[in-house]
Amino acid sequence: MRVILRNPRREVDVAGNRRVKDILRELDIMPETVLVICGDDLITADQVVREGDTIELRPVMSGGRAGPA
Amino acid sequence: MKCRKCGEPAVLELRRHNAAFCAPDFLEFFRNQVREAIRKHRMFTRDELVLVAVSGGKDSLALWDVLIDEGYRTTGLYLDLGIFEYSVESKAKCEKFAAARGVPLLVTAVRDEVGAPVPVIQDVTRRPPCSGCGLSKRYLMNRVALEHEMPVVATGHNLDDEAATLFGSVMHWQTDALPRQSPALPSTHPKLVRRVKPLYRLSERETAAFAFLRKIDYIVEECPFAKGATSIAHKEILSRMEDASPGAKHNFLFGFLDRARPAFERAEAVTLNECVRCGQVTTGTICAFCKLADQVKRRVS
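Those sequence lines, one after another, are chains A and B.
In terms of numbering that gives the first Met the number 0, the first sequence opens at residue 0 and continues consecutively.
In terms of numbering that gives the first Met the number 0, the second sequence opens at residue 0 and continues consecutively.
It should be emphasised that the hints constitute simulated quantities derived from the structure, not laboratory data.
Among the hints, a few may not be true.
As the list claims (entries may be wrong) - Distance condition first, Cα-Cα at most 25 Å in a straight line; then the derived DSS-like pairs of lysine-lysine:
id, chain 1, residue 1, chain 2, residue 2
1, B, Lys92, B, Lys226
2, B, Lys92, A, Lys20
3, B, Lys1, B, Lys226
4, B, Lys4, A, Lys20
What the hints assert, rightly or not - Chain A is nowhere near these chain B residues, computed Cβ spacing over 12 Å in every case:
id, residue
5, Gln32
6, Asp160
7, His188
8, Glu203
9, Phe211
10, Ala259
11, Arg265
What the hints assert, rightly or not - Pairwise CB distance ranges, derived in the manner of DEER restraints:
id, chain 1, residue 1, chain 2, residue 2, range
12, A, Asp45, B, Leu191, 25 to 35 Å
13, A, Arg24, B, Pro189, 51 to 61 Å
14, B, Gly227, A, Arg17, 31 to 41 Å
15, A, Arg18, B, Ser244, 21 to 31 Å
16, B, Lys190, A, Arg24, 50 to 60 Å
17, A, Arg18, B, Asp216, 29 to 39 Å
18, B, Gly6, A, Arg17, 56 to 66 Å
19, B, Arg126, A, Ala14, 39 to 49 Å
20, B, Ala259, A, Gly51, 28 to 38 Å
21, A, Val13, B, Leu48, 49 to 59 Å
22, A, Arg17, B, Ala91, 45 to 55 Å
23, A, Arg24, B, Lys4, 21 to 31 Å
24, B, Leu48, A, Asp45, 40 to 50 Å
25, B, Glu35, A, Val47, 31 to 41 Å
The structure displayed is predicted, hence computed values, not measured ones.
Using N, Cα and C, we set each Cβ at its ideal position, and we do this for glycine too.
Kindly generate the complete structure, drawing on both the sequences and the hints.
Right, dumping it as structure tokens:
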């Protein structure tokens, strides 16, 4: 299955048929730092993604200081 | 994982609340948190004009979306920082958002006001880019609000932003900064408008989820100058703490606001003057913004 990462945008292939939390652990990404997007939906860390699926791990952290966030 | 309210499949788990929500119930949870922030701190009323500072990012556009839906009288303010393609794209996102909802958007360019865009300001001052950028934003937000007779500016600062700022202040024991950290800063001078942060109860993952579920087209790419920013490092530290102990950020910020902040409020008031150049509020004779503009104009011309 394919995982889309951002900042910078890139794609990696990982083994599917397992839970999102297992994929996040393999990629060393904390669940609280990303949205997990599958198609037009958000999915939770306990959901299983299949071999042919594509998910996007969209970072939620924004930075800089003292202005409109 | 099931929605805590309706039992349907959840789309988002909120570990700090020990809960998960389906999309409709999460959107309502989010709006309730904004309503509670506005109510608790008496941020603004439906009769007041609210200037919403928007950057094209998830937080400020999510905030504007909620306020519009709640029936508040809002105008957006986009400050064009002149940061290459990032500013071009983020401005386009704000214009598209405003046009789709039929709400007014003001655009002010830092280049026109300071004499150069943020990347040049960084070169001239030799200070971190966020420094000149933040100074310009605070000044221009207040001045634009005054010019348009709006008594309050709302920004999209979220719980993570506030916790990271607090962490930075505590790390350096900036005791003068601690009393100024608040979800709602009152006007302390006729030329200072109120500043409020209606998203302070919501994490940035929650604002990102809200923006996604509301199909808000926001800029996902990070500001090119944010890489290496101290506030990002602080957020990463706090996120590790949150991962190990859900609710850590919430407890840190809300504990400060509820119990510690009053201890840092100083009895003596700071004397506020009007800048002899621009008339805006300063503690000195010439405000920091005018000094910055002078410095930039000397070096650029």
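Hint check:
1. B:Lys92 to B:Lys226: holds (22 Å)
2. B:Lys92 to A:Lys20: It is violated: about 32 Å lies between the C-alpha atoms, which goes past 25 Å.
3. B:Lys1 to B:Lys226: violated (37 Å)
4. B:Lys4 to A:Lys20: holds (23 Å)
5. Gln32: holds (16 Å)
6. Asp160: The claim is violated: Asp160 (chain B) sits with its nearest Cβ about 5 Å from chain A, within 12 Å.
7. His188: holds (19 Å)
8. Glu203: Given that some Cβ of chain A is not farther than 12 Å from that of Glu203 (chain B), nearest at about 5 Å, it is violated.
9. Phe211: violated (6 Å)
10. Ala259: holds (21 Å)
11. Arg265: With a cut-off of 12 Å, Arg265 (chain B) remains clear of chain A, as the shortest Cβ separation is near 21 Å.
12. A:Asp45 to B:Leu191: 25 to 35 Å: violated (48 Å)
13. A:Arg24 to B:Pro189: 51 to 61 Å: The hint (51 to 61 Å, Cβ to Cβ) holds, given that Arg24 (chain A) and Pro189 (chain B) are roughly 56 Å apart.
14. B:Gly227 to A:Arg17: 31 to 41 Å: Given about 34 Å between the Cβ atoms, the range holds.
15. A:Arg18 to B:Ser244: 21 to 31 Å: For Arg18 (chain A) and Ser244 (chain B) the Cβ distance comes to about 22 Å; the hint holds.
16. B:Lys190 to A:Arg24: 50 to 60 Å: holds (53 Å)
17. A:Arg18 to B:Asp216: 29 to 39 Å: holds (30 Å)
18. B:Gly6 to A:Arg17: 56 to 66 Å: violated (25 Å)
19. B:Arg126 to A:Ala14: 39 to 49 Å: holds (47 Å)
20. B:Ala259 to A:Gly51: 28 to 38 Å: violated (52 Å)
21. A:Val13 to B:Leu48: 49 to 59 Å: Since the Cβ atoms of Val13 (chain A) and Leu48 (chain B) sit about 50 Å apart, the hinted range of 49 to 59 Å holds.
22. A:Arg17 to B:Ala91: 45 to 55 Å: This hint is violated: roughly 39 Å between Cβ atoms.
23. A:Arg24 to B:Lys4: 21 to 31 Å: holds (29 Å)
24. B:Leu48 to A:Asp45: 40 to 50 Å: For Leu48 (chain B) and Asp45 (chain A) the Cβ distance comes to about 45 Å; the hint holds.
25. B:Glu35 to A:Val47: 31 to 41 Å: Distance hint for Glu35 (chain B), Val47 (chain A) holds at roughly 36 Å.
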